[in-house]
Amino acid sequence: MRREDPVPSSVEGRPLEDAELTERAKDGDVRAYEELVLRYREVACRTAYLITGNAADAEDAAQDAFVKAFYALSRFRSDAPFRPWILRIVSNEAKNRRRSARRREGLALRLAEGRPSGDAAPSPEATVLSGETRDALVAALERLPEGDRHVIAYRYFLDLSEAEMAIVMGCRRGTVKSRLARALARLREAMPAGISLSEHLEPADG
Amino acid sequence: MDDARPSVMELEHALRGLAREIAYPVTPSLVPAVRSRLAADRVQQLRPPFPGRALWSRRRILVLAVLGLLVLAGAAVAARLAIGAIQVRIVPSLSTTSPTFETRPNLGGAIPLQQARSAVSFPIGLPSALPPPDRVSLAESYVGDRVVLAWRPQVGLSRIEPTPWGAVLMEFVGFAGTKEVAVKEVPEGHVEYLQLPSGDAALWITGPHDLVLRTAAGERRFRITGNVLIWEGGGGVTYRLETTLSRPDALRLASSVG
Chain A
1 MRREDPVPSS VEGRPLEDAE LTERAKDGDV RAYEELVLRY REVACRTAYL
51 ITGNAADAED AAQDAFVKAF YALSRFRSDA PFRPWILRIV SNEAKNRRRS
101 ARRREGLALR LAEGRPSGDA APSPEATVLS GETRDALVAA LERLPEGDRH
151 VIAYRYFLDL SEAEMAIVMG CRRGTVKSRL ARALARLREA MPAGISLSEH
201 LEPADG
Chain B
1 MDDARPSVME LEHALRGLAR EIAYPVTPSL VPAVRSRLAA DRVQQLRPPF
51 PGRALWSRRR ILVLAVLGLL VLAGAAVAAR LAIGAIQVRI VPSLSTTSPT
101 FETRPNLGGA IPLQQARSAV SFPIGLPSAL PPPDRVSLAE SYVGDRVVLA
151 WRPQVGLSRI EPTPWGAVLM EFVGFAGTKE VAVKEVPEGH VEYLQLPSGD
201 AALWITGPHD LVLRTAAGER RFRITGNVLI WEGGGGVTYR LETTLSRPDA
251 LRLASSVG
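From first to last, the protein sequence lines stand for chains A and B.
To convert, note that position 60 of the first sequence is 60 in our numbering; the numbers rise steadily by one, no gaps.
To convert, note that position 165 of the second sequence is 165 in our numbering; the numbers rise steadily by one, no gaps.
What the hints contain is simulated information worked out from the structure, not anything from laboratory work.
Given the structure is predicted, the values throughout are model-derived calculations rather than measurements.
Don't be surprised by glycine CBs; every beta carbon is placed ideally from N, CA and C.
Hints are all accurate, no fakes.
If you anchor each label on the Cβ, the simulated ranges turn out as follows:
{"hint": "1", "chain 1": "A", "residue 1": "Ala139", "chain 2": "B", "residue 2": "Gln154", "range": "35 to 43 Å"}
{"hint": "2", "chain 1": "B", "residue 1": "Ser29", "chain 2": "A", "residue 2": "Ala181", "range": "35 to 43 Å"}
{"hint": "3", "chain 1": "A", "residue 1": "Glu132", "chain 2": "B", "residue 2": "Ser7", "range": "17 to 25 Å"}
Some, not all, of what chain B presents toward chain A, calculated at C-beta under 8 Å:
{"hint": "4", "residue": "Arg5"}
{"hint": "5", "residue": "Ala14"}
{"hint": "6", "residue": "Arg16"}
{"hint": "7", "residue": "Leu18"}
{"hint": "8", "residue": "Tyr24"}
{"hint": "9", "residue": "Pro28"}
{"hint": "10", "residue": "Leu30"}
{"hint": "11", "residue": "Ala33"}
{"hint": "12", "residue": "Val34"}
{"hint": "13", "residue": "Arg35"}
{"hint": "14", "residue": "Arg37"}
{"hint": "15", "residue": "Leu38"}
{"hint": "16", "residue": "Arg117"}
{"hint": "17", "residue": "Ser198"}
In isolation and in its complexed conformation, chain B is listed as follows:
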């Protein structure tokens, strides 16, 4: 009988009591291990010596760049915005004489979601507003793991021409100081810097723009047609969501990723 169960207040008391009885393992020192790993990174020059200032400076540049764009609207200025491992370069207009554009980036071989979870070094976030992804794949990124989730077009999610998908969500690790995984070249007026309800910084890019990937084989260029929302979540994970959704709908979808 329900009434015979403890009240919530009783449960809270009991849980606080239980907390004091948990036998945690002895806390490891951690400092020597962390110290040696940071030292090893410095020796191998894998990381910048001033990690905080490196991006802090970039953030100041970002703020200045946005202000500059506001002041110099209409001028053919180039600015750089960055979220996580993605850098956005503002260009006056997309080049029509660009070298050959490749077809859409290969998403890689499809694998089960569980296998992807085992393979990447971060928790894969799924949008609760969508059913499970129709396709999951892994791709090697410049700085680490990258997972690509794709959903077929469905009600409320129209096709991103010329792809077969209605939504593509990339998740990857991109820490401060690492070289950007990708550069997006976006025409003026097609990128906005905004914040998600969670407070995370985000970039909203509308319409056609170019994606330039730095790979071991050199620079590769792709023309992207969907609207793209890029944001950084916890744990250094960068998210890139491509859809044909409006900004409010894309923000709602992004906010449901968890």
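The shape of chain A in the complex, shown without the other chains:
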């Protein structure tokens, strides 16, 4: 993938930390900010896509979020993690677009045909979760309230930590735990009786 005229992202070969880049961006260094865009555009677009369910809206939301975030850098503490901060802005933009478009479709779960996205080596779960089980899980997710789908997406699809989720969702970590537990309980209720995942799953550690 082509990196567009990359900014000087290292000093003597050392990649600049997010904090250094945000400090430079606060001084008006747009190229430093572009490096942050490069670093986080993928997770930003994925976050927006999971919320909007539409590639074009997701791109627009992510782009708007990065522009707005640049002007909001003054409110960002450089020693704080940049990723959840930008994802919070992305998430707000994406939710707004979803509402504006009055779309009511569920979480975007277009699944790959025979190949997992992301890393080349599929996890044990990815190799066994298929067919009826996968369809039932996706259908159950689609039946959940929007908020429940988002909290599940943040944790399991985007792999955000609870601390990151607290920043993205603008709430305390304890609230994240309770909302996640509630979403999982509702997902469990939404699963059809008789579907057992245990026979399809192998222990995560092997």
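Keeping the supplied structure of chain A fixed, place chain B upon it in accordance with the hints.
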């Protein structure tokens, strides 16, 4: 039968597996678009060239101003506090010889909440501690969209005289470097700088104070009688909640906005 459903642990495993099968669209480059938009803003001088430092400096001023107020309590000093697009100016006392005060700001025409959601560029937050608003309207602000939600007096929410409302919540976008939408002139001792449980900075203003709006038609001045909590949420949205509630109750209500 409930027991026949997968356990939560099984669901977590399954969701992690499902994550690897989601076919995301190809990630767009974004950098050229962001770069050109920032460049266009600079050319049109829509934004400050040093957005971060601009407000950082203002925050240092804010901290110094608060410290100054503590040290110089009682002195007739003027200080400036700012949250989002609202600036607060501390004055020794409200002027009794001010030019004519206008009636309360017009809230604009009522529209359905859904229409407001479609019209503004940010997610409209609603306080879960209150029923749906009795009135929703949009108003053009100095820097962008502004939505006004109002609730009639109800149990636990007494009337803000002389308005017909028990609570008025304004939400609008105000980014660093933009000119403030409004200036509040508040007598000494009637404003506090505090933090919401979420960590967001907030200003708490009690009792009568003046609201000065900068509009295309010039400066307009209004006398506000309720207690006002102003805070900044995520995504650059500034919230202004006016009620007759006490500070703890107003904070609780503000914390329920989401």
